[in-house]
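The chain contents come next:
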Amino acid sequence: MIKKFKLPKGAQDHLPDDCFSRRVVENKLMDCFKFYGYSEIESPILERYELFDSGVGKVELNKLFKVTDVDGDLLILRPDITMPISRIVCTKLQDSQRLCYLGKSFSAIENEGKLREFTQAGVEIMGEQGNNIDVEVVMLAIKSLLALGLDDFQIELGNVGFFKGLLDAYDVADDDRDVLVNCIESKNGIKLYTLSGEMDKNMLDTLARLPMLFGGEEILQEAQSLCLNAQMRAAVDNLKAVYAGIKSLGYDKYVTFDMSSVGKMKYYSGMVMRGIIKNLGRAILSGGRYDRLCDAFGKNIPAVGFAIGIGYLTRALDNQQKLIKAPRVQVVVGYTPENMSLAEKKVKQLLNQGVNAKCTFATSKKDLVKVKDTLKAQKAIFFGTKEEEV
Amino acid sequence: MQDVITFALAKGRLAEKSVDILEQCGIDCRRILEPSRKLVMSDASGKFKFIFVKPSDVPIYVEHGVADVGVVGKDTLMEEDRDVYELIDLGFAKCRLCLAGYKDFDLSKPRNIIKVATKYVGIAKDYFDGKGQNAEIIPLHGSIELGPIVGLSDIILDIVESGKTLQENNLCVLEEIVNCSARLIINKVSLKTKADVIKPLVKSIDEIIKNKEN
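Residue numbers (numbering that gives the first Met the number 0), protein chains in the order written: chain A, 0 to 389; chain B, 0 to 213.
Simulated from the structure, these hints should not be mistaken for laboratory data. Fair warning: this is a prediction, and the values are worked out from it, not measured in the lab. Think of the CB as a built atom: it goes at the ideal place given N, C-alpha and C, for glycine as much as any other residue. It cannot be assumed that every hint is accurate.
[As the list claims (entries may be wrong)] Computed Cβ-Cβ distance ranges for the label pairs, DEER-style:
| hint | chain 1 | residue 1 | chain 2 | residue 2 | range |
| --- | --- | --- | --- | --- | --- |
| 1 | A | Lys8 | B | Lys108 | 54 to 64 Å |
| 2 | A | Lys190 | B | Lys163 | 24 to 34 Å |
| 3 | A | Lys190 | B | Arg29 | 47 to 57 Å |
[Said to hold, decoys possible] List time: in silico SDA-like cross-link candidates among lysine to any residue, alpha-carbon distance up to 25 Å:
| hint | chain 1 | residue 1 | chain 2 | residue 2 |
| --- | --- | --- | --- | --- |
| 4 | B | Lys108 | B | Arg95 |
| 5 | A | Lys190 | B | Ala43 |
| 6 | B | Lys198 | A | Lys91 |
| 7 | A | Lys91 | A | Asp16 |
| 8 | B | Lys202 | A | Leu45 |
| 9 | B | Lys53 | B | Ala43 |
Excised from the complex, chain A in its bound form (with noise of 0.2 Å):
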């Protein structure tokens, strides 16, 4: 094998075609969130180890994509983009930011669709809390779907403190919590029979009819009902609250609950969202709220955010014939030293008609023609002496 002609594992190219419809779906999207107030940030690429390695959001070491810099120190190629946010509005910004982001992450193991380099748009609210913020966000979240075309997706609605609560209730250990987040995350009732000799009984059972506590605003009464303490009322309270305000904006059919949604609890604090659609078998969209993540910078700031995976929502949006294809070139303009300014003037024309038009320096009509085909253009225009088709 010549590894030259290899790429890194994890590492993909994007191809024309592929680049021209992802930086459609890109810019929809950025323009989304613009319009709702939120402004563009950037972070670099390479950031220190210690970023990601303290407070909720520590990052296990063999995920983090490192690199030895000249002096020794460890650097991390980022593996999100809301830690370096969180780290830029405690240090450089006002508490109370609206951002939003395009960029890319990384993970040292395979992630989003076997990639270690993937791209996501996202959005952050720092500084903003109560049930109306979650609102603003889960109403976004649906709105950069929508604005992509996108209509027979569930934005899937789930509350951390349901489940840290009833965990709470029954005083249970660290060591168990990791135990019983696996098995309610991956929904496995089985596993949860298996420690019925270790674990409170009553706790297992109410833990048992979490996986299957998914569904419309109905799951919501169900839930209430299993309420053990205030912070439990106050997850399924937030999620009424939610619901409630976005029905009131005629949108409460894109949204749907999973009280088993536990993934990552440490970091989520609150309300936790996933985007799901048919025909894909995996999240489009995630996010939730995470109030103790600036913690780690000596700050309280809460913060609430969601970010997408645009290699998933390409696929998703191709899969429904959805995806924009890049348009073929109809008239190529070739232009000698003379009359430069004519030809484009030319293809400025052709393009307010809505034709696909080019413009190139071309000394001949045979070296226009070469252009034509690499292009593959349906016609080319010389504009030599006079103005001719070729």
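Could you slot chain B onto chain A? The hints should help.
Just chain B now, with coordinates in the frame of chain A:
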């Protein structure tokens, strides 16, 4: 129009037992067991599609969502470690995942390194890592029992049903790691996006299994 639900199944006993249960749920799919080289088949109504894949590939098809539902042994599921919902213990295809070797092999004796032949490379690695025991894992694809016999490995990690093969080769179970049986697994998105079909199906399968146990 109702969405088509795709099942990933491995040919053989797992598929036969799965069909038994699905028939009890009112899905007329006996015909998928007829001898055929077809890899994709449907039930009588056309609402359920069945794809036949290698057992260890079942969790992969389900994780990617090209199959909504799968039936797979817990041993395979542990080895593959895929991001899927593991909803029901179907109770059939029971076996034990065991460490086996010559009966005088003392597992508790301290060793620099232990040589383990197995099909379950991931499980073996996790198991010995968890014990802090250095292990050389030797991946094999069949006749694992040969490992200790020809001196390729000290012990093996494999599934044991009756224990007959071990016995006939003068080997025995040294330690049981976990009890296994067939599991119903479901794609994390399909369960929600096709809930109108999958949720009731899961419920009736669960009832059938529970009735059998009682």
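Hint by hint, here is what the structure shows:
Distance hint for Lys8 of chain A and Lys108 of chain B: a CB-CB separation of about 39 Å, inconsistent with the stated range 54 to 64 Å. Restraint check, Lys190 of chain A to Lys163 of chain B: a C-beta distance of roughly 30 Å satisfies the suggested window 24 to 34 Å. The given range of 47 to 57 Å is broken by Lys190 of chain A and Arg29 of chain B, whose C-beta atoms sit roughly 32 Å from each other. The suggested pairing of Lys108 of chain B with Arg95 of chain B holds, with an alpha-carbon distance near 23 Å, which does not exceed 25 Å.
For the given pair, Lys190 of chain A sits about 35 Å from Ala43 of chain B by alpha-carbon distance, which is inconsistent with the 25 Å threshold. Note on Lys198 of chain B and Lys91 of chain A: the hinted pairing is violated, with a Cα-Cα distance of about 49 Å set against a maximum of 25 Å. The suggested pairing of Lys91 of chain A with Asp16 of chain A is violated, with an alpha-carbon distance near 39 Å, which exceeds 25 Å. Between Lys202 of chain B and Leu45 of chain A the CA atoms are separated by roughly 49 Å; this puts the pair beyond 25 Å, and the hint is violated.
Our distance criterion of 25 Å between C-alpha atoms is met by Lys53 of chain B and Ala43 of chain B, whose separation comes to about 24 Å.
In the structure shown, a violation is registered for the earlier hints numbered 1, 3, 5, 6, 7 and 8, in ascending order.
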